[in-house]
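Visitor: Just so we're aligned: the sequence shown equals residues -25 to -1, 1 to 268 in mature numbering (1 follows the signal peptide of the UniProt record, and there is no 0).
No lab work stands behind these hints, which were simulated from the structure alone.
Wrong hints could be hidden among the right ones.
Straight-line Cα separation of at most 25 Å, BS3-like style, residue types lysine-lysine; simulated pairs [as the list claims (entries may be wrong)]: (1) 147 to 216; (2) 210 to 155; (3) 160 to 149; (4) 147 to 194; (5) 155 to 109; (6) 172 to 199; (7) 160 to 172; (8) 91 to 172; (9) 210 to 199; (10) 209 to 155; (11) 155 to 91; (12) 209 to 199; (13) 149 to 216; (14) 199 to 160; (15) 109 to 216; (16) 210 to 147; (17) 188 to 160; (18) 155 to 194; (19) 109 to 147; (20) 210 to 149; (21) 209 to 149; (22) 109 to 160; (23) 194 to 210; (24) 216 to 199; (25) 188 to 98; (26) 194 to 209; (27) 172 to 194; (28) 91 to 147.
Taking CB as the label site, the calculated pair distances span [said to hold, decoys possible]: (29) 87 to 214: 20 to 30 Å; (30) 94 to 124: 34 to 44 Å; (31) 205 to 179: 36 to 46 Å.
Every residue gets a Cβ at the ideal spot worked out from N, C-alpha and C, and that includes glycine.
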Amino acid sequence: MKITSGPMALLFAAILAMVASDVMAQRGGGGRPGGEGRPGGGFRGGPGGGFGGFGGGRGPGGGSILGLLQIEEVREEIELMPDQEEALKKIADDRPQMERPEGIDFRDRSEENRAKLEEFMAKMREQREEFENKVREQLEEVLLPEQMTRLEQIEVQQMGAGALMNDRVAGKLKLTATQKDELQKTMEASREEMMGKMREMFQSGDRENIREKMEEAQKETEEKLVSVLTSDQKKNFEELKGEPFEMPERQGRGGFGGRGGFGGPGGDRGGRGGPGGDRGGRRGGGGRPESEE
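Could you put together the complete structure from these sequences and hints?
Guide: Encoded structure:
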């Protein structure tokens, strides 16, 4: 099982950052736990690390819908056209940078410090949702309806059961206020349980199995989240995923305009019948350019 993107990835990345810092502090430091600057393994911990800004989640492409479009295989799956790639590059250029947490010491296990972390994460979620909503509106202006539908299906697949925390998905499934509250409590309980397990593993020196344990914990959490749904909601949730899409395993991000990104090598894939033509208005007047099959 893979660790998915979105809310679940943010949850487990935050846990790993906090636990690693806690243990290093207990052992008297050594190295940089991330209390100042970059939290180790957390906010920007290597390729496909934890928070990493908007669109910088786990694995290739990051955790946002715009980040998915950095992946060549995703662009091929939705049959993105060259003129669309240029438009998407402009959208990507307007991405805000995620601010770094100030006044939060990841070595400090006090309630006051934890409250600061919770406040920062809530602010980050709010900013992310605001940005995602804006991007989604822009994407609807650039992509054809069938392209947008397939992209959203891939997005739900990558988020896993964490997609249930997404407002768009929750709306389509018509989750009740009670269900939303239960989902939130499940996520919080899973976080506390996972922090305890991770702390034990760090203290015992059993770090080789951390990823395996995190994947097991995510699977358990996802099963608990899905159990909140009714039978009809479970069926509709599966329908929102569409046909399975195999996400590439390579690490790092293609980047916008860089390798594998918009406008860079691999951006114009060829074989699509010309530059895409003048699509004339919002949806190209009547669908795809005449040059395309």
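Visitor: Could you tell me which of the numbered hints above are not met by this structure, giving the numbers in increasing order?
Guide: 22, 25, 28, 29
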